[in-house]
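J.: Spelled out from the first residue to the last, the chains are:
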Amino acid sequence: MNSQRRTDDTRAVTVPVNYVLLVGIAALLTMGMFTGIASFVTDQQRQAVSTGLEVAGNRLASDLTAADRLAGTVNESDTRGAIRLRIPLPETVAGWDYLIAIRADGTAGAYEKYDLVLTSMDGRLSQRIDIQTKRSLPTDRTFSGGTLVVSYNASADPTELEVRDG
Amino acid sequence: MADVSRDERGQLLLVTAIGLAVLFVVLALLLNTLIFTANFASRKGPVKSAGEAVDYRLEAERVVIELLRASEQKTGSFSTLNATFTSRVHNWSELSARQLGTSGAVTHVTPHATEGARVAQENESRPFTNASSDPSWTLVEETPGVRAWWLTVSRENLTARGAIENESEASDLVNASVFRTVISNGSATWRVFVYQDGTSDVLVRVEAPNGTLSAACRTAATNGTAVVGMTNATVGGGSCAPLAAITLGGDAFDIAYRGGNNATGTYSLVVNRTAANVDDGDLQSPGSGVPYVTGGIYAADIDVGYATPGLRYSATVHIAPGELR
Numbered sequence: 001m002n003s004q005r006r007t008d009d010t011r012a013v014t015v016p017v018n019y020v021l022l023v024g025i026a027a028l029l030t031m032g033m034f035t036g037i038a039s040f041v042t043d044q045q046r047q048a049v050s051t052g053l054e055v056a057g058n059r060l061a062s063d064l065t066a067a068d069r070l071a072g073t074v075n076e077s078d079t080r081g082a083i084r085l086r087i088p089l090p091e092t093v094a095g096w097d098y099l100i101a102i103r104a105d106g107t108a109g110a111y112e113k114y115d116l117v118l119t120s121m122d123g124r125l126s127q128r129i130d131i132q133t134k135r136s137l138p139t140d141r142t143f144s145g146g147t148l149v150v151s152y153n154a155s156a157d158p159t160e161l162e163v164r165d166g
Numbered sequence: 167m168a169d170v171s172r173d174e175r176g177q178l179l180l181v182t183a184i185g186l187a188v189l190f191v192v193l194a195l196l197l198n199t200l201i202f203t204a205n206f207a208s209r210k211g212p213v214k215s216a217g218e219a220v221d222y223r224l225e226a227e228r229v230v231i232e233l234l235r236a237s238e239q240k241t242g243s244f245s246t247l248n249a250t251f252t253s254r255v256h257n258w259s260e261l262s263a264r265q266l267g268t269s270g271a272v273t274h275v276t277p278h279a280t281e282g283a284r285v286a287q288e289n290e291s292r293p294f295t296n297a298s299s300d301p302s303w304t305l306v307e308e309t310p311g312v313r314a315w316w317l318t319v320s321r322e323n324l325t326a327r328g329a330i331e332n333e334s335e336a337s338d339l340v341n342a343s344v345f346r347t348v349i350s351n352g353s354a355t356w357r358v359f360v361y362q363d364g365t366s367d368v369l370v371r372v373e374a375p376n377g378t379l380s381a382a383c384r385t386a387a388t389n390g391t392a393v394v395g396m397t398n399a400t401v402g403g404g405s406c407a408p409l410a411a412i413t414l415g416g417d418a419f420d421i422a423y424r425g426g427n428n429a430t431g432t433y434s435l436v437v438n439r440t441a442a443n444v445d446d447g448d449l450q451s452p453g454s455g456v457p458y459v460t461g462g463i464y465a466a467d468i469d470v471g472y473a474t475p476g477l478r479y480s481a482t483v484h485i486a487p488g489e490l491r
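From first to last, the protein sequence lines are chains A and B. For what it's worth, the numbering used here labels the leading residue of the first sequence as 1, then goes sequentially. For what it's worth, the numbering used here labels the leading residue of the second sequence as 167, then goes sequentially.
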């Protein structure tokens, strides 16, 4: 009986097979978890950047239109009429730098239409916010994130709001 | 298969666990970012101070309008009136600056008054004639504007409707010598006729430069008198569209009374000319019992400044309440 067992080919394979199965299945499970969570995190990050850009854009839009309305209370012939409004935008969104561009989008009655385009530095994510203002905005420049300053000077040009990095 | 000793087992799990831990930390950071974004989105921005700047400006306008109204009751030289007016605006400016300073805003209001003159009659039983009782006379010549022009007329001394042949014809009103104010800039002449219906009401009709006579604005006289607001376009407190339509297109104009015998009462108007320019013998000084001219503040330009860390707002506001020009 004893000698017969010892010569059996199939014996003693159990341990390595068990081990290989164990390692294989564990690797499969952990890799699956790893990739699943990694892609979830990446998605979340893209969403965070997207939301951040949207919030920053809306904040910018509301402050620009506020400056425009304020400028509307100043008489155009008023040489002392001036407004300077600081718009505190975040330097980065979810750790990413971003750029702000203002693009002309035609007119609507007495209003000028603009698109505020906020783009992440890698150019993959962007948000567009429509605004309408009575006075014109600069469309020939791009601003980086962080505080912007919008100013109006009736004696310089009563039809223009000036925007620059603050 | 390598030697499987106890020490080297479980590396795979360890590496994976560390990897997952890193991912969870990143996820926590992202969550943090989202919370920050949400916080930023709901944070109060400069929009609030923009609204406060406009509020402050409107408040300053209201105060200055009230102070100008107060000066319309007073007699004295322009410099005296202006000194009072300016010091009161300064008082308000300082007071409000102290109050708004507590919320982080720096404010100021600086007034610059425009010299004018006020023409008035205070004797309620006197007709609307000049100092030497001439019923047709010119109160002011070549004024670029007039405001705060009030007539308080006694109904029973106005021309009655029965004495007018056809009250819808300007010429008949003139023939009956109905009291009228004539506002003329040389090319356009507006006439405002004031008469009564013989029983209770005071009527006002406006003749436009093209000759059309408006329908009558009417009001019942209370205690025998009715107030005609020439510049704020009211008759007895109710609005009167024909009066509101009067405009002189920005040219300087003359203001005259005709048929001054056919109206008694008081009046007051502030014109955009200096008292020295208005004084021409038709008027005397205050307290004489006849129409007089005194100093007045015609308008005020106020410099309004409002500054917070995020906003600087400065504007000049021209204030001439109820100006007709």
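Bear in mind the hints are in silico, worked out from the structure with no lab data behind them. Take the hints with a grain of salt, since some may be wrong.
[Said to hold, decoys possible] Mimicking BS3-like on lysine-lysine, the simulated pairs with C-alpha atoms at most 27 Å apart in a straight line are:
| # | chain 1 | residue 1 | chain 2 | residue 2 |
| --- | --- | --- | --- | --- |
| 1 | A | 134 | A | 113 |
| 2 | B | 240 | A | 134 |
| 3 | A | 134 | B | 214 |
| 4 | B | 240 | A | 113 |
| 5 | A | 113 | B | 214 |
[Stated by the list, open to error] Sample of chain B residues lacking proximity to chain A, with all beta carbon distances greater than 12 Å (derived):
| # | residue |
| --- | --- |
| 6 | 177 |
| 7 | 182 |
| 8 | 185 |
| 9 | 206 |
| 10 | 208 |
| 11 | 386 |
| 12 | 403 |
| 13 | 416 |
| 14 | 420 |
| 15 | 467 |
| 16 | 469 |
| 17 | 476 |
| 18 | 480 |
| 19 | 484 |
[What the hints assert, rightly or not] Restraint ranges, calculated between C-beta atoms of paired labels, are given here:
| # | chain 1 | residue 1 | chain 2 | residue 2 | range |
| --- | --- | --- | --- | --- | --- |
| 20 | A | 22 | B | 185 | 34 to 44 Å |
| 21 | A | 121 | B | 231 | 45 to 55 Å |
| 22 | A | 77 | B | 308 | 55 to 65 Å |
Quantities reported herein were computed from a predicted structural model and do not represent experimental measurements. The C-beta atom is built at its ideal place from N, Cα and C for all residues, glycine as well.
J.: For every hint, state whether the structure bears it out.
T.: Checked hints:
1. Taking the CA atoms of residue 134 (chain A) and residue 113 (chain A), the gap is near 9 Å; set against the 27 Å cutoff, the hint holds.
2. Distance restraint check for residue 240 (chain B) and residue 134 (chain A): the Cα-Cα separation of roughly 43 Å exceeds the 27 Å cut-off, and the hinted pair is therefore not satisfied.
3. Taking the CA atoms of residue 134 (chain A) and residue 214 (chain B), the gap is near 20 Å; set against the 27 Å cutoff, the hint holds.
4. Pair hint residue 240 (chain B) plus residue 113 (chain A) does not hold up; C-alpha atoms about 52 Å apart against a cutoff of 27 Å.
5. Only pairs whose Cα atoms come within 27 Å are accepted, and residue 113 (chain A) paired with residue 214 (chain B) is accepted, the gap being roughly 24 Å.
6. In this structure residue 177 (chain B) is not separated from chain A by more than 12 Å, as the shortest Cβ-Cβ distance comes to only about 10 Å.
7. Annotated as non-interface, residue 182 (chain B) brings its C-beta within 12 Å of a C-beta of chain A; the closest such distance is 4 Å.
8. Not every beta carbon of chain A lies more than 12 Å from that of residue 185 (chain B), the smallest distance being close to 6 Å; the non-interface claim is violated.
9. Not every C-beta of chain A lies more than 12 Å from that of residue 206 (chain B), the closest at about 6 Å, which undercuts listing it as non-interface.
10. A cut-off of 12 Å between C-beta atoms contradicts the statement that residue 208 (chain B) is not in contact with chain A; the least separation is 9 Å.
11. With a cut of 12 Å on Cβ distances, residue 386 (chain B) stays outside the contact zone with chain A, its closest approach being about 41 Å.
12. Listed as a non-interface residue, residue 403 (chain B) keeps its Cβ farther than 12 Å from every Cβ of chain A; the least gap is roughly 31 Å.
13. Once the 12 Å rule is applied to beta carbons, residue 416 (chain B) is consistent with being away from chain A; the minimum gap is 14 Å.
14. The claim that residue 420 (chain B) lies off the interface holds: its Cβ sits roughly 28 Å from the closest Cβ of chain A, which is beyond the 12 Å cut-off.
15. Residue 467 (chain B), annotated as away from the interface, has a beta carbon of chain A within 12 Å; the closest lies near 9 Å.
16. With a least CB separation of 6 Å from chain A, residue 469 (chain B) falls inside the 12 Å interface cut-off, contrary to its annotation.
17. In this structure residue 476 (chain B) is not separated from chain A by more than 12 Å, as the shortest Cβ-Cβ distance comes to only about 4 Å.
18. Some Cβ of chain A comes within 12 Å of the Cβ of residue 480 (chain B); the nearest lies about 5 Å off, and the non-interface call is violated.
19. Against chain A, the non-interface label of residue 484 (chain B) is violated: not every CB pair exceeds 12 Å, the least being about 7 Å.
20. Restraint check, residue 22 (chain A) to residue 185 (chain B): a C-beta distance of roughly 20 Å breaks the suggested window 34 to 44 Å.
21. Between residue 121 (chain A) and residue 231 (chain B) the CB atoms are about 53 Å apart, so this pair conforms to the stated range of 45 to 55 Å.
22. Between residue 77 (chain A) and residue 308 (chain B) the C-beta distance comes to about 24 Å, which lies outside the given range of 55 to 65 Å.
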